[in-house]
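There are 2 protein chains.
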Amino acid sequence: MGVTIAIDCMGGDHGPSVTVPAALSFLRSHPDANAVLVGREEVLRPLIASEAARFGDRLRLQPASEVVTMEDPPAIAMRSKKDSSMRVAIDLVKDGRADAAVSAGNTGALMAISRFVLKTLPGIDRPAIATVLPSQKGHTYVLDLGANVDCSAEHLLQFGVMGAMLVAAIEHKERPSVGLLNIGEEVIKGNDVVKEAGELLRNSGLNFYGNVEGNDIFEGTVDVVVCDGFVGNVALKTSEGLAQMIGVFLKEEFKRSLLTRAMAVVVLPVLRRFKQRVDHRLYNGAPLLGLRGVVLKSHGSADALAFENALARAAEAASNRLLERISERMASMNEEKA
Amino acid sequence: MGVTIAIDCMGGDHGPSVTVPAALSFLRSHPDANAVLVGREEVLRPLIASEAARFGDRLRLQPASEVVTMEDPPAIAMRSKKDSSMRVAIDLVKDGRADAAVSAGNTGALMAISRFVLKTLPGIDRPAIATVLPSQKGHTYVLDLGANVDCSAEHLLQFGVMGAMLVAAIEHKERPSVGLLNIGEEVIKGNDVVKEAGELLRNSGLNFYGNVEGNDIFEGTVDVVVCDGFVGNVALKTSEGLAQMIGVFLKEEFKRSLLTRAMAVVVLPVLRRFKQRVDHRLYNGAPLLGLRGVVLKSHGSADALAFENALARAAEAASNRLLERISERMASMNEEKA
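Residue numbers (the working numbering), protein chains in the order written: chain A, 1 to 338; chain B, 1 to 338.
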């Protein structure tokens, strides 16, 4: 009996036209997994009609009459849309009827509802959002990405624990290295909160590497990079902007003349393989960490391939004791303190 | 009589082997400009011997017996190396014998010495470091880049003024647009300092666009992006790391086989033109803003082309009333307040 993923099928820019095909493809590639599609029955039912027999019990439908929009303030989404597909998907996790929930909807609402319904794990003050990025050596996990803007040193320490346990669960590395995002040695080093967090991490029993800088994210210096949500969000969005600009420039240069267009055709296989290595769709699916349940946020504009990757990541996190790892680590840290 | 640039020839990873050829090339391409090479006479004299006659009075040498190293703490560099090439170059600006100073040395020391020797402009609490980055629409100026880690809303407002005046001086745009770096609308929006800074900028008389996100830097949404030094430094270093990784991946794909190597030769002109557009050497030379004198910081690892670009940018800033523009703007803002 494999993991069961509750899927908010109505969320994201494209809704069921992306989430349902992604779910079906996920079931095909994960023969042990189950999916519960959450959303408006009259919309979802016809989309799965032809596949229902094939997957039998592995594919279920859970009706939800409302939809959280990108514009809904988190408080409104939480209080007045109790039958939203987002809320119902998280309720399924709460009730133990699903092992993880995935949504491409409104991040603020997803965080607020997850926190309200699932509560935080013992020892965790604030849940965080983590992402995985490609690096020269493999992958780097970065957190927080925007859930927490004014962080204390204790919060950063907790992010370190959550990030390390995430990598342990998903990448099967027992002692992932953790770096604290800071600025160069040349100028005044970091602010007081970051300095204090460095002390806490050094004494945490984690495999703490020390300070890292922005470039270390893509150099792959450490497995986990810890920062506050403002800084993490800026780093991620800046990277997205730069990658996009580089793509546009490369395309423009190959479209400059008939000759360069012909060249592009020749090198297409190389360019395609290059593109695959930095394809952000491979890195879709940002875990909300620190909750008593596994919830992943997909990019709102995800296509079916990207959304399926988020589902696969959710299955991986749910089947490898992510929550237990975080709880155990927090407990042993607090024992040492006491 | 053109501008005179004082050049710290001993600073940076490569010292005179980079700075002196860059200075000579700068004099060739800027027939109105003058250069004062600052550093150890016995080192510099032989390097310019063959060119001295050609440039005559435009090329001078100012002896300085000491060198600030990358490891020197700013306070030590300032107090106990009073005859360093860095210090003497800035003294030349202070004394009016040069219009700008350029150094590839230790950023912290350069900032500390500049601030001590030159002092800040009226109304400016803290000098900032700005950089220019390529964007889909041209260039984006970002500040602060690491001089200031705990900023108040007032500091961010001053960065806005300094950045706008820098673009006015260097890019000849009279009302450059200014954006405040913040995080997405989905999550809790920004922190209190950023919110307050938004209010101040809105009432500043600047051409304030509003909040921008990380991706807007490379999309070219605004001319100037304002942020605190911690965030700016992380954004810049993260971009450097990503650009480097993309370069490595692209190279690896073209080196994969004999066939792909042959393809690389075919598309070389296209790849070269692409590379030129994102070449970070074109963007070298980060102005230290808010001082009573023009000082630019070159990347420590700059090669001669990159260092020459920093010299050219310094000449541009010094010849277009940068300091006067900042002072005037600050004065008119303070008058309105009074």
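If you are wondering where the hints come from, they were derived from the structure by calculation, not from laboratory data.
Hints should not be assumed to be uniformly reliable.
[Said to hold, decoys possible] Derived DMTMM-like pairs (lysine to aspartate or glutamate); straight-line CA-CA distance at most 20 Å:
| hint | chain 1 | residue 1 | chain 2 | residue 2 |
| --- | --- | --- | --- | --- |
| 1 | A | K275 | B | E240 |
| 2 | A | K137 | B | E240 |
| 3 | B | K275 | A | E252 |
| 4 | A | K275 | B | E324 |
| 5 | A | K195 | B | D150 |
| 6 | B | K137 | B | D150 |
| 7 | B | K137 | B | D95 |
| 8 | B | K195 | A | E66 |
| 9 | B | K137 | A | E240 |
| 10 | A | K82 | A | E66 |
| 11 | B | K275 | A | E240 |
| 12 | B | K251 | A | D279 |
| 13 | B | K94 | B | E324 |
| 14 | A | K137 | B | E252 |
| 15 | A | K251 | B | D279 |
| 16 | A | K251 | B | E219 |
| 17 | A | K82 | A | D95 |
| 18 | B | K137 | A | E66 |
| 19 | B | K251 | A | E219 |
[Claimed, not checked] Coverage of chain B stretches by chain A, computed from C-beta distances (three or more under 8 Å per stretch; other residues unrestricted):
| hint | stretch |
| --- | --- |
| 20 | 38 to 47 |
| 21 | 126 to 136 |
| 22 | 232 to 238 |
| 23 | 247 to 257 |
What you are looking at is a predicted structure, and each value in this text was computed from that prediction instead of being measured.
Idealized CB from N, CA, C, for every residue including glycine.
Against the structure, the hints:
A hinted pair counts as satisfied when its Cα atoms are at most 20 Å apart, and K275/A with E240/B qualifies at roughly 19 Å. For the hint linking K137/A to E240/B, the alpha-carbon distance of about 16 Å falls within 20 Å, and the restraint holds. Distance check on the hinted pair: K275/B and E252/A sit about 12 Å apart at the alpha-carbon level, within 20 Å; holds. Restraint check: the Cα-Cα separation between K275/A and E324/B comes to about 48 Å, which exceeds 20 Å; the hinted pair is violated.
Of the supplied pair hints, the one linking K195/A and D150/B holds, its CA atoms being roughly 13 Å apart against a limit of 20 Å. Under the criterion of a C-alpha separation no larger than 20 Å, the hint pairing K137/B with D150/B is inconsistent with the structure, at around 31 Å. Taking the CA atoms of K137/B and D95/B, the gap is about 39 Å. The hint is violated against a cut of 20 Å. A threshold of 20 Å between alpha carbons decides the hint, and for K195/B with E66/A the separation of about 33 Å lies outside it, so the pair is violated.
For a cut-off of 20 Å, the pair hint linking K137/B to E240/A stands: about 16 Å separates their Cα positions. For the hint pairing K82/A with E66/A, the CA-to-CA distance comes to about 8 Å; that is within 20 Å, so the pair holds. For the hint linking K275/B to E240/A, the alpha-carbon distance of about 19 Å falls within 20 Å, and the restraint holds. Simply put, K251/B and D279/A have alpha-carbon atoms about 17 Å apart, close enough for the 20 Å limit, and the pair holds.
Restraint check for K94/B and E324/B: satisfied, since their Cα atoms lie roughly 15 Å apart, inside the 20 Å limit. Distance restraint check for K137/A and E252/B: the Cα-Cα separation of roughly 13 Å lies within the 20 Å cut-off, and the hinted pair is therefore satisfied. Simply put, K251/A and D279/B have alpha-carbon atoms about 17 Å apart, close enough for the 20 Å limit, and the pair holds. Note on K251/A and E219/B: the hinted pairing holds, with a Cα-Cα distance of about 16 Å set against a maximum of 20 Å.
With a CA separation close to 15 Å, the supplied pair K82/A and D95/A stays within the 20 Å bound. Among the hinted pairs, K137/B with E66/A is inconsistent with the structure: their alpha-carbon atoms are about 41 Å apart, more than 20 Å. Taken as a hint, the K251/B and E219/A pair is honoured in the structure, with Cα atoms around 16 Å apart against an allowance of 20 Å. Judged by the Cβ-Cβ criterion of 8 Å, the stretch 38 to 47 of chain B is not covered by chain A as claimed, because only 0 of its residues qualify and three are needed.
Residue count for the stretch 126 to 136 of chain B with a Cβ under 8 Å from a Cβ of chain A: 3. That meets the three needed, and the coverage hint holds. Interface restraint, the stretch 232 to 238 of chain B with chain A: holds (6 residues with C-beta to C-beta distance below 8 Å; minimum three). Counting residues of the stretch 247 to 257 of chain B whose beta carbon lies closer than 8 Å to any beta carbon of chain A gives 6, which reaches the threshold of three, so the coverage claim holds.
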